[in-house]
Amino acid sequence: GDSVTQMEGPVTLSEEAFLTINCTYTATGYPSLFWYVQYPGEGLQLLLKATKADDKGSNKGFEATYRKETTSFHLEKGSVQVSDSAVYFCALSGNYGGSQGNLIFGKGTKLSVKP
Amino acid sequence: DSGVTQTPKHLITATGQRVTLRCSPRSGDLSVYWYQQSLDQGLQFLIQYYNGEERAKGNILERFSAQQFPDLHSELNLSSLELGDSALYFCASSVEMGTYNEQFFGPGTRLTVL
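These protein sequences, in sequence, are chains A and V. The first sequence begins at 1 in my numbering and counts up one residue at a time. The second sequence begins at 116 in my numbering and counts up one residue at a time.
It is possible that some hints are incorrect.
[Claimed, not checked] Computed cross-link-like contacts, DSSO-like style, restricted to lysine-lysine with a CA-CA straight-line distance of at most 30 Å: (1) A/Lys107 <-> V/Lys172; (2) A/Lys114 <-> A/Lys56; (3) A/Lys68 <-> A/Lys49; (4) A/Lys60 <-> A/Lys107; (5) V/Lys172 <-> A/Lys110; (6) A/Lys107 <-> V/Lys124; (7) A/Lys52 <-> A/Lys110; (8) V/Lys172 <-> A/Lys60; (9) A/Lys49 <-> V/Lys172; (10) A/Lys107 <-> A/Lys49; (11) A/Lys52 <-> V/Lys124; (12) A/Lys52 <-> A/Lys114; (13) A/Lys49 <-> A/Lys114; (14) A/Lys60 <-> A/Lys77; (15) A/Lys52 <-> V/Lys172; (16) A/Lys68 <-> V/Lys172; (17) A/Lys56 <-> A/Lys68; (18) A/Lys110 <-> V/Lys124.
Source of the hints: derived by calculation from the structure; they are not laboratory data.
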């Protein structure tokens, strides 16, 4: 079945450092790919998404490119801030007959940014 | 604030008991999804409803059931509770079903089974 694998961390960075969180997937057909963020004590928020190969999703300085050839959707940010400290989840939604849009998540990566 | 509300925020109960978790989707959203977040299993899809009808099932135990009412709110019923059912339960909603629709998540209900 469909699955998502992401680096589990935790990841600790200094403010203004470069961030990469790796995510790879296994899926039937051409899924949509998402990054969600969960701040402490809150629900998940959509950070960015990409719905077809070579699409780049971007939001709040974060970017991820849908790479079909490597089945990857790595999250990057050029300069992290303390306020980016959270848990980041990579997810996919299948795009095939019978798929109803439910999300399949990776295990999550906890990011801590130190001042 | 996503516009999705969940009650209660916290629930503490004993093994063998039954509880009901409630979710109100964003105004206008027809689709409701339930997810379970636990330390060992991570975030897992449980079940989805669309406009009152069940449309997809994930890793939902037979002891668990759900429904979506005519006003589109949804309830997740958990019965014969076990210690392992302790988790954070999220509800999410979207306008439609399908791959491209963004899901908006509620703040979750934290269930503790003692």
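query = Looking back at the hints listed earlier, which ones does the structure fail to meet?
reply = Failing hints, ascending: 8, 11, 12.
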